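Now for the letters of each chain:
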Amino acid sequence: MRRRNLQLDEQGRLRHLLTIEGLKRQQIVDILDTAESFITSSDQQVRNAQVRKVPLLRGKTIVNLFFEASTRTLTTFELAAKRLSADVLKININTSATVKGESLLDMLQNLEAMQCDMFVVRHSDSGAAHLIAQHVAPHISVINAGDGQHAHPTQALLDIFTIRRHKGEFAPLTVAIVGDIMHSRVARSQIHALTTLGISDLRVIAPKTLIPSQVEGLGVHVYHDMKEGLHNADVVIMLRLQKERMQGALLPSEQEYFQDYGLTEKKLAVAKTDVMVMHPGPINRGVEIDSEVADGPRSVILEQVSNGIAVRMAVMSMVLGRPPMDKESEGAP
Amino acid sequence: MRRRNLQLDEQGRLRHLLTIEGLKRQQIVDILDTAESFITSSDQQVRNAQVRKVPLLRGKTIVNLFFEASTRTLTTFELAAKRLSADVLKININTSATVKGESLLDMLQNLEAMQCDMFVVRHSDSGAAHLIAQHVAPHISVINAGDGQHAHPTQALLDIFTIRRHKGEFAPLTVAIVGDIMHSRVARSQIHALTTLGISDLRVIAPKTLIPSQVEGLGVHVYHDMKEGLHNADVVIMLRLQKERMQGALLPSEQEYFQDYGLTEKKLAVAKTDVMVMHPGPINRGVEIDSEVADGPRSVILEQVSNGIAVRMAVMSMVLGRPPMDKESEGAP
Amino acid sequence: MRRRNLQLDEQGRLRHLLTIEGLKRQQIVDILDTAESFITSSDQQVRNAQVRKVPLLRGKTIVNLFFEASTRTLTTFELAAKRLSADVLKININTSATVKGESLLDMLQNLEAMQCDMFVVRHSDSGAAHLIAQHVAPHISVINAGDGQHAHPTQALLDIFTIRRHKGEFAPLTVAIVGDIMHSRVARSQIHALTTLGISDLRVIAPKTLIPSQVEGLGVHVYHDMKEGLHNADVVIMLRLQKERMQGALLPSEQEYFQDYGLTEKKLAVAKTDVMVMHPGPINRGVEIDSEVADGPRSVILEQVSNGIAVRMAVMSMVLGRPPMDKESEGAP
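Residue numbers (the working numbering), protein chains in the order written: chain A, -17 to 315; chain B, -17 to 315; chain C, -17 to 315.
Among the hints, erroneous ones may be present.
When chains are identical, the list treats them as one kind, so a pair holds in a single copy or across two.
[To be verified] Mimicking EDC-like on lysine to aspartate or glutamate, the simulated pairs with C-alpha atoms at most 20 Å apart in a straight line are: (1) Lys254 - Glu151; (2) Lys225 - Asp88; (3) Lys72 - Glu50; (4) Lys6 - Glu274; (5) Lys35 - Glu236; (6) Lys248 - Glu50; (7) Lys149 - Asp242.
Hint data in this document are derived by calculation from the structure and do not stem from the laboratory.
Predicted, not measured: the structure shown is a model, and the values here were computed from it.
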């Protein structure tokens, strides 16, 4: 309970974005609508969403605290901040600093004292962004840019934004998420987002070793066979296979994985003819997805990247743009 | 003599900021007043000074030349420059380049030719900023962000700015600086600033091995005992203990140092009840200061960080904002 | 043929800048005139060209993709972009990524999807910028910031810009390029630029081992002796000696090279009295040029650096500022 509410302020508005879990449907829709508003009118068609530079966050300072390497997510957050006219700081993190270590908290307090307004946090420990959000000063917002195997909320938001631009309504859709569901923060956030939006048929497809035990309680249907799981799908979301998983006992070889779960045109034939193929990137060509599919007409992988700018702009401007509540009028009828 | 005048232009205005030594009282007060002017009216109370973004240095380019690692000072200079709307360059310094080496001077000349306007210099050699200031083109200003054991003028300025916001007048104050006075550029600059401002009782407290021999000539009273030195103090400034000093013969163990000179609530009891506790950061908890004091109600350590932005903005805008003198009117009566 | 045209759009306007080869005289002159327009009126004299900040590329995003280390060129491109009010990204390149590798092309496609507008590319492989230009989306421009031993077009443009500011007309000039012509992308681009501008006497001076075999076909006269080659020269362009060449069999020692081809005041005595001495930097003092010459009154080496900002601003604003052609009116009379 406490974790879910941590990201909302006293008026129920988004103050941090730590996880999709616990967000109301309308809050998610508001983010998507705000993202849509940043897209220039000449590009209101589905592909290649362009955003113009706006002065919404001029004078605000956004700090990227990336404890885990990431070029793509880091770059899109930096670009989103610059499109909003904010100043951006990139802090060189001493990777030996732990989230619980005193030195990290001292560093955060110093950044707060420097009048920074937002921390965008990426960390390999699940819960890192929550922990930081629990300690920051009242004027600071924290955005989770991926924490361990827990959550990656802006990725899930850009994914559903991309789906909505193509399909319009969520309720009638069949969506299949394919790959390492067990260890994926992306999958976890996507499942929360899509079930909150009332999707009718949400499926996960993976070998038994990569399906978490209680996943069906989240409202998904489990498949271990691609032909069955992809049948009649409107959307297929491929997950990146973390190659370090290969070294353990969870998976056979890349070749075998590709044979069973790699997305090919042939396997895709059982999906709907207008199926969308998605991937959070970076893709492992020939491991979880065939190049023919990744670069093919049904792939929206690069659109996802474009949409990531608008969606991150939406989240950043919403959490930093909340007008302060008038203390006196709070109790008024 | 030559060194002192190097930082003033022909009209006696601040062109570089290399050291507090030789500045007149009014020049220091002007800097503090300018810093105060950057603070937003809604935050004119003592704590959490906020500055708004101003276009004073739009089109100017400020280069951070940090030959010595520093996250905090580098970040505050970067933020101060951005709040003034300047463009900021961070140069990756080949640490093997020496101040006297030809290659460094070539690099500086190139940066000048690129129409940079200010070099913010941090270097482990005492005198590095002076040396650079002696060689730069007439349109360039140099700010010393810490040179060896010599000076750290912007740190001293933000310290006295913080004291003035709390205490108002300097003359009646008793200020104690505690720690490694011998090797501290911060202490040296603080002593020059506070004596220039006419403080009545300035004390340094340290073991004999960490007191420079002629320090009393600077106008300070030397104490080796905390109880005596802190008695009736209005302000206590703790210095960071450089851990590498421990390895030499100058100091016993961290534990012994903390027992004798670490600031605790108990030791602080002999100071005035409204004593301010200061530290330039980053703090060594449990070495020179107890966490209870550092995080306690009398600590202004994080305020110092906030004030560092406004003070650095003041210095930067003053040295770059000097209107050129009319050559013809110079000789006029 | 295909390579030459790759950098022009369908209307013959500059879309990429990959090489000087194939540019028309008027296109080069247009770039120089545009660069001149950025220089403030108070500095229209020859030296120390200053540019003001202009909003021409506000909202555009320029990505520096430097696969090869370079502080000077990287910094001038960054400054030029900021003076044009563009947003600048510096991507940390995994140096193991090859130009032909799939991972690089995926990275470029992602940057395109992030709505970047320009890639400034530096790479140790000849042809890298061309290869990237062949693959980018229609809205992206590529600027070659140096590729292997092939071309460095912005360097050549700033060189001729510097010459024009001093000498006015190109036709009557005698220009000597001295040094490792064989391996120099700078020399190659300079030769194309100067011959296109109709220079009357273009000379290259080098030991036989450092002259490419068919260089005379480019319209230059080859000299192996400094006294002959520098005779009556209006402009002398020294090249940086790459010290790694010394290890091969192509050259004797640094001392011997300096004795034969290093530029000294004595050797320069046979040139015209108002000869200009140029060097792309960084200079090897005492190897290809004596400090007395490099720092002397005829050296324009630092002016070249200043002019590099204005010239790169010109190229960037021209390739990104092309108004889209009206499709309907294209076929109209």
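Now the hints, each set against the structure:
For the homomeric pair Lys254 and Glu151, the shortest alpha-carbon distance inside one copy (16 Å) is at most 20 Å, but the shortest distance between copies (68 Å) is not. Proximity of Lys225 to Asp88 under the C-alpha cut-off of 20 Å is restricted to the inter-copy arrangement: shortest distance 18 Å between copies versus 35 Å within a copy. In this assembly of identical chains, Lys72 and Glu50 lie within 20 Å of each other by CA distance both inside one copy and across copies; the values are 13 Å within and 18 Å between. Neither within a single protomer nor between protomers do Lys6 and Glu274 lie at most 20 Å apart by alpha-carbon distance, with minima of 38 Å and 41 Å respectively.
When the C-alpha separation of Lys35 and Glu236 is checked against a cutoff of 20 Å, the pair qualifies neither within a copy, at 43 Å, nor between copies, at 53 Å. Taking CA atoms no more than 20 Å apart as the test, Lys248 paired with Glu50 passes in neither setting, with 36 Å inside one copy and 42 Å between copies. Taking CA atoms no more than 20 Å apart as the test, Lys149 paired with Asp242 passes in neither setting, with 28 Å inside one copy and 71 Å between copies.
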